[in-house]
Amino acid sequence: MPRKKRVDRRKPRAKAAPPTAQLAKINVKVNGVQYSAEVEPRMLLVHFIRDVLGLTGTHVGCDTGNCGACTVIMDGKSVKSCNIFAVQADGAEILTVEGLARDGELHPVQQAFWEHHGLQCGFCTPGMLMQAYWLLTQNPSPTEEDVRRGLSGNLCRCTGYQKIVEAVLAAAEQMRGQQQEVR
Amino acid sequence: MYPKSFQYFAPKSVKDAISLLNKLRGEAKVIAGGQSLVPMMKLRLATPAYLIDLNKIKGLEYIKAGRGVIQIGALTRHSTIEKSELIRERVPIMAEAASHIGDPQVRNLGTIGGALAHCDPAGDWGAVILALRGEIRVAGPRGQRTIKADNFFVDAFTPALKPNELITEIRIPTPPEGSGGAYLKMERRAGDFAIAGVAAQITISPDGTCKYAGIGLTALGPTSLRAKKAEEALVGRELTDEVIDEAAEAAAEDAKPFDDPLRGSAEFRRAMARVLTRRAVKQALSRARGG
Amino acid sequence: MAVSAIFGARVKRREDPRMITGQGRYTDDIKLSGMVYAMFLRSPYAHAKIVSINVEKARKVPGVIAVYTGKDLENKLGPVPCAWAIPNADLKVPKYMPLAVDRVRYVGDPVAVVVAESPYVARDALEQIEVEYERLPAVVNQEEAVKPEAPQLYDDVPNNIAFHWSISGGDVEKAFAEAEVVIKQRIINNRLQPTAIETRGAVAQYNQATGELTVWMTSQNPHIHRLLLAGIVGVPEHKLRVVAPDVGGGFGSKIHCYGGEAVVAFLAKELGRPVKWMEDRRENYLATIHGRDHIQYVELAAKRDGTILGLRVKAYANLGAYLSTASPGIPTILLGTMLSGCYKIPAISCEVYGVLTNTAPVDAYRGAGRPEASFIVERMVDILAHELGMDPAEVRRKNFIPPDAFPYTVATGLQYDSGNYEAALNKALELVGYQQLREEQKRLREQGRLIGIGISSYVEICGLGPSRVVRATGFGLGLWESAVVRVHPTGKVTVYTGGHPHGQGEETTFAQIVAEELGVPFEDVEVVHGDTAMIPFGTGTYGSRTTPVAGGAIAIACRRIKEKAKKIAAYLLEASEEDIEFERGKFYVKDAPERAKTIAEIALSSYLAGEGELPAGMEPGLESTAFYDPENFTFPFGTHVCVVEVDPETGEVHVKRYVAVDDCGRQINPMIVEGQVQGGVVQGMAQALWEEAVYDKDGNLLTATLSDYAVPTSADVPRIETSSTETPSPHNPLGVKGVGETGTIAATQAVVNAVVDALAHLGVRHIDPPLKAETVWRILKEKGIAK
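Protein chains in written order, with our numbering: chain A, 1 to 183; chain B, 1001 to 1291; chain C, 2001 to 2787.
If you are wondering where the hints come from, they were derived from the structure by calculation, not from laboratory data.
Do not rely on the hints blindly, as some may be mistaken.
Dumping the calculated DSSO-like pairs for lysine-lysine here, alpha-carbon to alpha-carbon at most 30 Å [unchecked claim]:
1) C/2303 with C/2398
2) A/77 with B/1058
3) B/1029 with C/2697
4) C/2398 with B/1256
5) A/25 with B/1282
6) B/1015 with A/77
7) C/2562 with B/1029
8) B/1228 with C/2057
9) C/2781 with B/1282
10) C/2656 with B/1282
11) A/25 with B/1015
12) C/2697 with B/1256
Remember, predicted model here, so these are calculated numbers, not experimental data.
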């Protein structure tokens, strides 16, 4: 998150055009598919996912890392893909909302969002789903408080969060049930 | 939303990173977790010509117990500290503070070393490291040196680091038996920059008096601050409500808050320094007593 | 109306499968071959003359295709129109060009646009544009702006007053002359940033061969945007297609017509390449409309027994630097007419000064005028109760319009359609355990704890609206709604609606309406919206109007289809029309129910249209178009109760309980109703506690990022306990009233009333939102509670 230094942003800084940066080659596995590409170092991971790979489920809602709409799972951790450069993801394994359903079957988190009306306009939803997914990998039996804190990096303007929280709690229960069945 | 162009380096060792920093002095920025830097680059408030990424350096992400000291690698993520069993057991105030930083995704990438190097007066780690009398290990072209927390926070966004130095490790003296700590943060909403924050760490002697007190302040001055007068008000005394009130009063005097049109006037923040110090010390005391 | 399983059922939304799998298609997801990217250079100054702009360096940045300044486009694009010319208000509409030409009037005013091969390059090029400004003094506050010495934004708008509007009903002078109690209060309704999580943007593509220009854009009302864009860009309306794909929230901010989308449309035509522009968040905060920002001087006349006699309001509305599409009507028509609230107030007068300032344009944001009205009324009722030592619930009961008085005409001239205000109040008080809470409050107060209970009984106007009335207020278009219901030969149904839901779930509820009306399976109904090439002219989604008006149009179209289908059924079954009954998608002969035809069979027959298949002389096909112009507005209502605890040392407010009882008439899908209420309440609560757009005195927006503008997170808000009563609208074809804004209209004062109630024993009677910790702490300090 940015702290504003006392910079006078008013004067257009007419520095010389930036040196053309060398492209960097990266290898990234996204939703199980290996990609390699050449990217400008300054390209944000979210732009790589959306514009280079065409996976537009991951959204952009702010420029300061607050809204969480761009949340993806990178090497097992939820991260905001607008706060990482694509070049930094070289060698990483990424899961986006498009990879959440398996073999045409919705993930319990997706199913629960549908059943509990956990979305309205749907714009924050992919990020919210990914964060909820990660939260449940960390804490399979969260309390309502855990869920509310766990989703505090994802802003939703439509739902007031209530049905999102209900959905995540329901998904947790569903997933615990599934695990018991496996045992 | 679109950062300015830069050249990217991902050195594999601290030595390589330092020699790059040395070479590109002034025009390079170091990126660790990037959770403060990348947003600034997107807003073009930061436009480094070169970016040196530390994330490919192995061996900077660890938490271990040394002799009388907890050692935390500079690249250790806030979330790792938040969840670390060792931290929760030995210096729980650090886990508590970590849980207040940003939001879960930010904590998953953000690093303790990066946050300290950023030296934001509203950053949460500064107050905690000060309260714990931590030390910051730094590597430069001429080897390693150790900076005491007290000497680290020079000014807003200005740590006691030379342009060619890197933080490698944070060292925290292991608090002895009878210790307790609390980090209280007042914020507009979850994950926001603090209106005010107070880290209180105390140790109680078997005779019931306060053997050690560390009070650190967040967003209550141009840098993270140590409330020395508040500490003095506690050490050697039995921590009655009156004594704690005295310390809280002293903390308000130690604070050097500034006006912020969004997060509060200096007057309000100073008053909150008092309230939060009292509450944090009481909580720390209760924890020190095993509560 | 027959009640079936589908109408009123908690049906899962059919919007969801695409959105939970990442297959939603929002404007920014559109990528066309050869597409280039536009980006705007915006003024860093709140008020300045543009002395010169040099774009040469920017043009030379590799990858830059074109750069245009305001001067370049001055004669190529028309001004951005204001579409609500409120009458008898001496309205002055300053010229509002898509790009500022020689003067900038707010931080964010666009002065140039760059088009480049990538957004990164476009951003680089912005830095290479050299603008020389001559700074002028700025004014950001409306009360400052009307002072004679204030900086003047326009030569032809003296004292920056764009209009002076008033409304009056009943004998206000008499009311105040006879009053036993008069309460005066200055109230600030804080300025807000709407913050749809998807920012605004557009993609435009021009087909040189056909002359067709297609604009995909973040719109709540594609036809209105087509109409206005056609005028600005100079493209014939029938050659302009506006598509609003999935839209990531609007809350009013995507109703309006802005320069940006027009410039993008122009660029696509001019450059012959598809052009995309998406705001970043900072740009969204600087240049998309803000909401509210009202300073009100309110006087209430009452008798000592609590009877309200009159209400007088004088208000200053900050309109920002230009008059946005609907902005004159929001703080006037939508506020002034609603000042009676739920109460019999015999005399009301309201005058509003619309003031131009060096800030972003202000226009409709969720609730739009009604939250401001509701806040005035419900605050004043609470202050009155406090003044008289009465229970605030009692004062409300005493003044409520009784249920048997409807339709009821209030002093401001509106006729409320139906209501039972006391029932909703009683239910809310019962749910929250009001009496018990009052006792607990008393007990805890003795321990120094500050508990407050806030009541907000509201009524709002939606279902906009009867076109005759709406037009009489100066609105630039009638507010009917259109629907085409098309039954296909197989009995499947497609509905084309002029509404454009963007989160409200009408793809689902409209299908429920059709399933109910035609008795076809829910799964057999498809709802199409948002594309001007597919739907009939529609007026869009805002003002909680989509379900009552667009839904009403669908119901009427369905009923017309049924009439025709009944004739065909009679013909096919060789019975007289009077003997045909309809139930669950089947037409049958009254005394011989086995003789029946399904809608699907009738539909097929209507398309085959051969001998014995369709009555002679009847037109083939089975579809209907309806343009439904409601005979009145609808008036949803309810009571919300909020319980807070204030930290006596820090001033922090903790919301302990929030109970919402809403009456939106009949509910098509209670699950969606709950979602609308919960989301609305949180937005209203956010206005009360956290959110505020802040400009410094030079006109810099200090809340220009999401890190500074305090939208609440999941960890900050409580669980909202929802319930409802059901008082159908007597004139709406479905008995529905609308629910999209009720939460926002009710919640702000519920929370503020609760906080003031927590401090009432200290002599506090009003606090302006947002009730930040410091604001409350200052009061506590003054009262000797906090240190």
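Evaluated hints:
no.	hint	result
1	C/2303 with C/2398	holds (11 Å)
2	A/77 with B/1058	holds (18 Å)
3	B/1029 with C/2697	violated (34 Å)
4	C/2398 with B/1256	violated (53 Å)
5	A/25 with B/1282	violated (55 Å)
6	B/1015 with A/77	holds (28 Å)
7	C/2562 with B/1029	violated (71 Å)
8	B/1228 with C/2057	violated (55 Å)
9	C/2781 with B/1282	holds (23 Å)
10	C/2656 with B/1282	holds (25 Å)
11	A/25 with B/1015	holds (24 Å)
12	C/2697 with B/1256	holds (25 Å)
When held up to the earlier numbered hints, the structure conflicts with 3, 4, 5, 7, 8 and fits the remainder.
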